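Protein sequences appear in the order of chains S and F. For the first sequence, the positions run 1 to 419 when the numbering used here is used. For the second sequence, the positions run 1 to 419 when the numbering used here is used.
Do not rely on the hints blindly, as some may be mistaken.
What the hints assert, rightly or not - Calculated pairs, BS3-like style, for lysine-lysine (alpha carbon to alpha carbon, straight line, at most 30 Å):
id, chain 1, residue 1, chain 2, residue 2
1, F, K417, S, K131
2, F, K124, S, K131
3, F, K244, S, K347
4, F, K247, F, K131
5, S, K124, F, K131
6, F, K397, F, K124
Since the hints were derived computationally from the structure, they do not count as laboratory data. Values in this document were obtained by computation on a predicted structure and should not be read as measured data.
There are 2 protein chains.
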Amino acid sequence: MASTSIRYGGGVSREIGMDLQNLGAKNVCVMTDRNLSRLPPVKAVLESLVKNRVEYKVYDAVRVEPTDSSFKDAISFAKNNSFDVFVAVGGGSVIDTCKAANLYACHPDADFLDFVNAPVGKGKPVGGAVKPLVAVPTTAGTGSETTGVAIFDYEPLKAKTGIASRAIRPTLGIVDPLHTLSMPERVAANSGFDVLCHALESYTALPYDQRSPCPTNPINRPAYQGSNPISDVWSRHALHIVAKYMKRAVRDPEDLEARSSMHLASVFAGIGFGNAGVHLCHGMSYPIAGNVKSHSAKGYNVEHPLVPHGLSVVLTSPAVFNFTAPMCPERHLEAAEILGADIRQVKREDAGAVLADMLRQFLFELQVEDGLGAVGYTKDDIPALVKGTIPQERVTKLSPRAHTEEDLSRLFEASMKLY
Amino acid sequence: MASTSIRYGGGVSREIGMDLQNLGAKNVCVMTDRNLSRLPPVKAVLESLVKNRVEYKVYDAVRVEPTDSSFKDAISFAKNNSFDVFVAVGGGSVIDTCKAANLYACHPDADFLDFVNAPVGKGKPVGGAVKPLVAVPTTAGTGSETTGVAIFDYEPLKAKTGIASRAIRPTLGIVDPLHTLSMPERVAANSGFDVLCHALESYTALPYDQRSPCPTNPINRPAYQGSNPISDVWSRHALHIVAKYMKRAVRDPEDLEARSSMHLASVFAGIGFGNAGVHLCHGMSYPIAGNVKSHSAKGYNVEHPLVPHGLSVVLTSPAVFNFTAPMCPERHLEAAEILGADIRQVKREDAGAVLADMLRQFLFELQVEDGLGAVGYTKDDIPALVKGTIPQERVTKLSPRAHTEEDLSRLFEASMKLY
Chain S
1 MASTSIRYGG GVSREIGMDL QNLGAKNVCV MTDRNLSRLP PVKAVLESLV KNRVEYKVYD
61 AVRVEPTDSS FKDAISFAKN NSFDVFVAVG GGSVIDTCKA ANLYACHPDA DFLDFVNAPV
121 GKGKPVGGAV KPLVAVPTTA GTGSETTGVA IFDYEPLKAK TGIASRAIRP TLGIVDPLHT
181 LSMPERVAAN SGFDVLCHAL ESYTALPYDQ RSPCPTNPIN RPAYQGSNPI SDVWSRHALH
241 IVAKYMKRAV RDPEDLEARS SMHLASVFAG IGFGNAGVHL CHGMSYPIAG NVKSHSAKGY
301 NVEHPLVPHG LSVVLTSPAV FNFTAPMCPE RHLEAAEILG ADIRQVKRED AGAVLADMLR
361 QFLFELQVED GLGAVGYTKD DIPALVKGTI PQERVTKLSP RAHTEEDLSR LFEASMKLY
Chain F
1 MASTSIRYGG GVSREIGMDL QNLGAKNVCV MTDRNLSRLP PVKAVLESLV KNRVEYKVYD
61 AVRVEPTDSS FKDAISFAKN NSFDVFVAVG GGSVIDTCKA ANLYACHPDA DFLDFVNAPV
121 GKGKPVGGAV KPLVAVPTTA GTGSETTGVA IFDYEPLKAK TGIASRAIRP TLGIVDPLHT
181 LSMPERVAAN SGFDVLCHAL ESYTALPYDQ RSPCPTNPIN RPAYQGSNPI SDVWSRHALH
241 IVAKYMKRAV RDPEDLEARS SMHLASVFAG IGFGNAGVHL CHGMSYPIAG NVKSHSAKGY
301 NVEHPLVPHG LSVVLTSPAV FNFTAPMCPE RHLEAAEILG ADIRQVKRED AGAVLADMLR
361 QFLFELQVED GLGAVGYTKD DIPALVKGTI PQERVTKLSP RAHTEEDLSR LFEASMKLY
């Protein structure tokens with residue numbers, strides 16, 4: 001039932017060797033990706049391990065936007081070594097891959113689909129503990145250091161799915177703002193959009209007391225509980241930070257105050273959505289990322305076509321919040337106000353339009369691609385995108401507004417062009 | 001390193017039998033006090049245990065404002081039975097007593113003073129785990145359900161001290177707002193003042209990056225770390241709720257919205273101060289409570305003289321924040337504004353006076369006794385009160401402003417009469 005402890009401060013990742021000693025680690029698995037393996041965050045962590053005489057092995061083959069096969073490769077690596085602690089140094093892809101490696105190495109007899117969310121997988125509950133995982137995030141977006149969720153592309157269905165269990169939540173998140181100084185401009189933008197949508201979606205998610213059915217035994221409560229008084233505090237606070245700092249953080253990689261603030265906003269929004277859940281932007285983002293054709297993402301040093309996660313999430317946000325606003329117009333108006341809109345004369349029924357306009361302006365100023373069209377989709381792709389959204393019921397059911405396949409179709413269509 | 005999970009909602013305490021089953025409990029210790037043992041919260045918990053066939057024994061001899069001897073009595077009870085899970089149903093006194101009983105039952109060879117904070121005790125770190133503790137708070141004040149702190153009166157020195165270790169933090173806090181409907185008016189007021197001071201003290205505590213010396217190994221960091229970006233969120237949010245709901249919650253026990261909100265504020269402020277710490281109001285409150293002569297507390301059904309904890313804390317608050325304001329005037333002004341002051345024309349150098357006036361007005365409206373004089377103290381008692389504050393260095397060192405014994409003397413003197 002425990003939550004993740006967070007340690008925050010410039011340079012705190014240099015203490016990780018002592019943390020691992022304190023955990024009694026004898027054989028540590030350090031996971032990262034190829035790019036990061038040459039950059040300062042990984043270097044700082046490895047130096048601290050050496051200095052504190054902690055034995056470790058590095059796995060640096062994590063795939064950016066991981067797939068079932070890249071997960072399985074990392075799982076084999078973990079199974080072939082008897083690691084007692086896992087350390088993930090990277091963005092959401094690295095942390096999520098490390099969660100899966102830890103989980104399946106501790107359950108060597110489980111089939112890969114056993115713990116994957118239904119309907120793609122069997123959604124079995126995780127029985128028994130896994131090894132401690134220390135997460136050192138290097139982007140300011142995922143929030144994965146605080147959540148029990150690991151997302152991947154399930155290639156046979158061309159759709160993202162994931163594993164969701166409190167059991168895989170990291171033990172400790174080491175949030176060292178110096179790490180985010182190595183983020184390229186577009187990575188800062190896209191990961192910031194993930195924070196923005198985590199905050200907006202969790203703040204507008206179906207309230208926790210309106211979810212049904214209500215499980216009779218508390219152990220069967222889902223990881224995503226709907227918006228509630230605790231997640232609200234984090235979601236709203238994260239949104240305030242995004243409004244104040246995101247543009248500065250994207251435009252100037254040397255702006256330590258802004259990048260530090262976005263790093264914390266990522267943690268805060270992570271605690272918020274890890275508790276409340278996300279809904280349509282995330283649910284619809286998975287097929288947008290999964291069906292990618294040839295879009296190549298600026299700033300991401302990868303060889304495969306890619307719609308980065310944060311971008312795939314934010315492109316539908318104006319349409320989504322315009323659609324959900326009638327269910328809780330006050331929250332949509334409050335969000336618009338936090339992002340800078342003057343809402344004094346706005347009627348409740350215009351809440352959706354006002355928030356959507358505010359989001360379009362925010363995206364335009366941050367030079368985001370002009371809608372799904374600009375990342376390679378046409379109207380002909382909409383049926384496939386809708387089809388890929390259907391299995392995301394775990395998140396889409398947290399939308400405050402019920403929706404049909406026609407509604408999803410219209411939301412994708414409205415997101416083809418933004419400006 | 002783990003934090004407490006919080007479950008919130010009207011009626012959630014009726015699920016506790018299932019939680020205990022899920023924890024595999026075979027022999028549960030339920031701790032409470034004599035008054036509460038006849039009231040609905042204990043009844044709801046016990047009914048749920050019976051319904052889920054969980055074996056338990058009840059200890060209902062917890063002392064309101066516990067002492068070393070009352071702690072030891074509860075510890076013997078725990079040692080004489082092999083409990084595998086502890087459940088505390090009550091206010092801070094009950095939850096703190098239960099933490100101590102769990103701790104020493106799991107360390108049967110430890111001397112009582114081993115884990116007590118230095119300089120009264122030896123302040124040894126707790127090695128090894130204790131049993132799970134589920135806390136069900138029935139007052140809206142302590143925040144003890146979220147912290148690793150247990151406070152008691154050490155009778156040989158007539159001063160409060162405590163045990164502080166992450167190891168004794170509850171596993172699960174069940175926050176059921178229906179329970180607070182049984183709180184008498186003065187209990188609601190005094191526990192609310194505890195929330196107010198938790199929020200104000202943690203928000204103005206010495207910043208985490210100004211504490212010294214900085215421990216070289218993270219395992220040696222104190223439980224109270226100083227104000228930081230995470231505790232700030234909780235402290236400020238709790239203060240907003242106090243400003244909005246406390247008067248309603250005190251005046252109308254049937255006002256479920258207000259009492260629920262204060263119950264949550266208590267949790268939120270608990271997370272804030274459990275992380276950042278408190279400072280002078282709490283440090284000075286311990287001798288105020290410990291040296292009590294004949295004051296009898298309205299609404300508390302106890303046979304001994306008593307200055308309730310929240311009252312002993314709040315009586316010095318106008319003097320304390322007037323004293324600390326020069327170190328961080330913005331935060332003091334912000335607090336005054338949240339409590340309702342118009343600060344638009346106020347100069348930074350007047351921050352302390354403005355917050356002190358606001359607090360006096362707040363206390364007056366809630367019919368608080370008129371200063372230390374009204375609870376039985378005279379100027380002649382000041383040396384004893386100062387002497388009782390000295391051993392509270394664990395908290396007083398978190399004051400943003402350094403202070404001498406003369407400063408403490410002046411703060412007690414300024415608190416003799418408030419209005």
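Do the hints match the structure? See the list:
no., hint, result
1, F:K417 - S:K131, "57 Å, violated"
2, F:K124 - S:K131, "28 Å, holds"
3, F:K244 - S:K347, "26 Å, holds"
4, F:K247 - F:K131, "38 Å, violated"
5, S:K124 - F:K131, "28 Å, holds"
6, F:K397 - F:K124, "19 Å, holds"
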